[in-house]
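Novice: Spelled out, the chains give:
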Amino acid sequence: MQIELRDPKKIMKLKRLGSFHQSKLSFLRSFLREFNSWDYKRELFELDNDGYGVAVYSFKKEQRKYSLVCFANKLDDNERSDRVIATKWDASFTLYDGIPTKKDIERLSLNVPRQEIGRMTYKELTLSRANKSMRAFNYVVECLSNGNQPSGKKLSEIGYLYRTTAVYGSGKFGLADRFRIKNRPEIHGPFRLEMMLVYFVRQFTIDQVNFISKNKNPRKAVELDKNIARSLGIGNSTGLGMAPFIVNHPILLNNWILARETALKKIREIRNVKQGDFNYFFECLRNSTNNINTWNTDNDYQKEKIKDLKVDLIKFIKYLEEELDTKKEYLFNGIFNWVDANLTEESIEYVVSLFLEPYDEIVDELSLTMSADEDKFFNIPVERKIEDLRDLIEKNYSEILDIDFNNDKNIQNFWFISKNKEEPRVANRFEEIGSELEQPLAIARDVKSLYSRIKDLKNSMTISRFLTDNNDLRHAVRRVFMIEKFPYSEIQDNIIGSELMPIDMLRLKLSFFGACKFDPRSDKWLRICMFQGAPLPDELKKFKDNWIYNSLN
Amino acid sequence: MRSFSEIETISKRASRGAGFSWGVSEEIGKSIRLLEMYGLPGILYLKNYLEQISNHNFQKITLISDENISNNIPYCPISVGVNFMDQTHNLEKIDKINFSNLAYPLLVVPFLSRSSEIIGKKILLNLENFKFLFNYNQSIFSNFDNSLITKTSKFLISFSQNEDSFDKITWDALYKISQKTFVDETESSKKTSAGAGLTDND
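Top line first, the protein sequences correspond to chains A and B.
Just so it is clear: in the first sequence, position 441 is 441 by my numbering, and no numbers are missing.
Just so it is clear: in the second sequence, position 123 is 123 by my numbering, and no numbers are missing.
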């Protein structure tokens with residue numbers, strides 16, 4: 001049986017994309033699978049009694065070495081801020097290409113803690129900083145230094161000891177450009193080195209909390225139980241900085257979503273599903289409900305979604321137990337059809353992610369397709385004709401063409417770069433200044449405007465000729481041709497309309513990172529958790545890939 | 001050292017800030033990155049040119065021909081570069097293309113390099129006393145001394161017809177040496193290689 005890929009015009013709506021969940025294709029999970037044979041070592045751990053100082057963790061295989069260099073600094077409570085405009089943090093980190101010398105560490109100590117105003121070099125690959133979750137960190141120190149283990153349940157609910165507030169890569173602030181690492185044989189997909197950094201930061205936070213507790217009460221202190229340590233991840237506060245990424249990297253976005261959609265299609269096409277595979281899926285589903293029960297948020301929008309998800313999953317499990325005939329052919333296709341007809345978008349995408357769990361052979365192959373060399377598609381095919389351009393717009397943007405951009409409601413927002421931190425922001429065009437400096441992210445509006453401009457032009461006119469008088473729309477022309485062969489590259493929504501929920505854009509990207517426990521703090525930023533339940537570095541050589549559903553087990 | 005990503009981003013933003021459209025600014029970002037990657041002073045040229053834009057007029061070009069002369073004000077190098085790249089398929093039919101009165105000519109160079117890749121032909125440029133050879137955007141061969149040329153009337157572009165840089169005698173001599181890696185075929189291998197033992201008229 002041939003199953004069609006799901007319709008991009010349905011899947012690429014922001015509300016749907018904002019319902020995506022982590023899956024086996026997510027980058028933090030593929031990172032752990034791909035690097036599970038690497039050797040981990042704590043090379044240096046020079047902290048004072050209060051836990052301030054420097055630490056280095058290395059990761060080696062054959063001739064290749066990476067090191068996380070950590071700087072922990074004293075920070076007054078009134079200086080601690082998750083906002084991107086902060087200038088001081090509890091700890092700062094860089095992933096170094098190789099093993100740093102003393103001289104390197106000295107240089108890094110002057111730059112890494114300063115983050116955006118420091119200067120990195122091509123030897124540094126990624127850069128980050130993090131703040132303590134004071135309620136979690138102090139609680140753990142208090143327990144351990146008194147010889148007690150903290151409550152695993154309580155810590156699981158918080159999820160982490162530290163929250164990162166930014167993770168930079170790809171040439172920012174002098175870091176190595178992407179071209180320097182993209183062809184390395186161990187780099188199989190996007191964001192691998194960002195994931196490596198975050199993973200080792202997690203280990204540093206565990207080591208630091210143990211170290212401080214020990215120094216506080218050397219005779220009584222105990223080490224954090226490994227099961228509890230494993231149930232801790234790294235938190236992250238993410239704001240709008242991440243949102244334009246998915247608009248600015250359409251082919252990369254396509255490749256992420258196409259991989260997931262292709263996996264779904266292949267799984268639905270399996271005629272005889274092995275009982276063991278179905279059982280494994282069901283086991284992951286049951287275990288995953290634990291994570292939902294510790295998924296807390298004060299945000300009404302998300303609370304509603306979690307409530308629906310919980311209700312839906314009870315209904316779904318009942319269907320699986322009582323109505324489903326597991327002997328039927330095309331079992332997962334049958335389940336998908338039921339899910340698609342009976343559950344909310346949040347729950348449909350939750351189940352789609354779980355479908356992937358039993359199928360290593362499908363996922364491993366597809367995870368190699370999730371990078372993109374977008375430069376290849378940068379040049380506009382100027383020899384093509386207006387007819388081609390018009391056809392492409394009508395085919396790929398049909399619903400966008402229905403939006404009335406003369407209605408103020410549909411152009412209410414504009415995206416800009418803030419002067420103080422050079423970060424993307426969104427504002428109301430009619431209430432705030434600066435809309436003349438709008439970033440070129442309003443793809444829907446600009447493509448529609450391009451469509452109107454070419455409406456009465458001759459079909460045979462070349463794009464080259466068109467551009468001589470219309471370079472103001474050059475970015476839109478490039479866009480339409482660039483995405484021609486990439487069905488899932490364009491968000492099929494208006495991202496400057498009054499109903500925009502920017503957190504949907506953030507959540508889409510974070511789900512591909514592998515984040516859990518989305519906790520929107522407004523419609524413009526959210527907190528998440530990464531690597532909760534993941535194997536610790538010394539367990540990497542032997543772990544089960546379904547760890548993500550076992551964080552409480 | 002600034003990363004190439006920083007170079008591209010700042011060039012794109014500065015160009016937009018100076019009034020170019022986003023689409024053209026994206027082209028400039030890529031082009032300055034290319035110049036700097038080849039060790040040519042793209043950032044310096046762009047900064048000087050963008051500073052001039054606010055208080056000087058520059059001539060935009062639309063359709064490029066073999067002789068492009070701007071009598072009063074110098075040509076904008078970005079307009080020349082972008083349009084040259086967009087019109088390359090037509091321009092390659094012309095032997096030589098000359099520009100008189102062109103501002104900051106180095107800014108046209110990356111567009112010529114990219115054009116060379118688009119049409120699959122080497123492009124030659126004579127700029128004042130300097131020569132540039134663009135090799136399909138894989139490399140730029142030049143004797144340029146990185147000096148700052150703010151205006152030129154000696155800017156001559158020609159398309160290479162993809163001819164060899166060597167003669168037949170040289171090629172044959174090299175081929176003869178390469179034959180030393182070949183092994184004589186035996187009778188038995190002749191009988192077993194593809195197509196052996198069959199009539200090809202079947």
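For the record, the hints were derived by calculation from the structure and aren't laboratory data.
Fair warning: there could be bad hints in the mix.
[What the hints assert, rightly or not] Here are a few chain B residues that face chain A, going by a calculated C-beta distance under 10 angstroms:
hint : residue
1    : 6
2    : 83
3    : 94
[To be verified] Simulated pairs of lysine to any residue, SDA-like, Cα-Cα distance not exceeding 20 angstroms:
hint : chain 1 : residue 1 : chain 2 : residue 2
4    : A       : 172       : B       : 9
5    : A       : 376       : B       : 38
6    : A       : 172       : B       : 13
7    : B       : 30        : A       : 174
Where is the CB? At the ideal position from N, CA and C, for every residue including glycine.
Novice: Decide, hint by hint, whether the structure agrees.
Specialist: Here's how the hints hold up against the structure:
The beta carbon of residue 6 of chain B comes within 6 angstroms of a beta carbon in chain A, closer than 10 angstroms, and the hint placing it at the interface holds. The criterion of a C-beta within 10 angstroms of any C-beta in chain A is met by residue 83 of chain B, whose closest approach is roughly 6 angstroms, and the hint holds. At a threshold of 10 angstroms, the smallest CB-CB gap from residue 94 of chain B to chain A is about 15 angstroms, leaving the interface hint violated. Between the alpha carbons of residue 172 of chain A and residue 9 of chain B the distance comes to roughly 10 angstroms, so the proposed pair stays at or under 20 angstroms and holds.
About 19 angstroms separates the Cα atoms of residue 376 of chain A and residue 38 of chain B, which keeps this hinted pair within 20 angstroms; it holds. For the given pair, residue 172 of chain A sits about 15 angstroms from residue 13 of chain B by alpha-carbon distance, which is consistent with the 20 angstroms threshold. About 17 angstroms separates the Cα atoms of residue 30 of chain B and residue 174 of chain A, which keeps this hinted pair within 20 angstroms; it holds.
The structure shown violates just one earlier hint, number 3.
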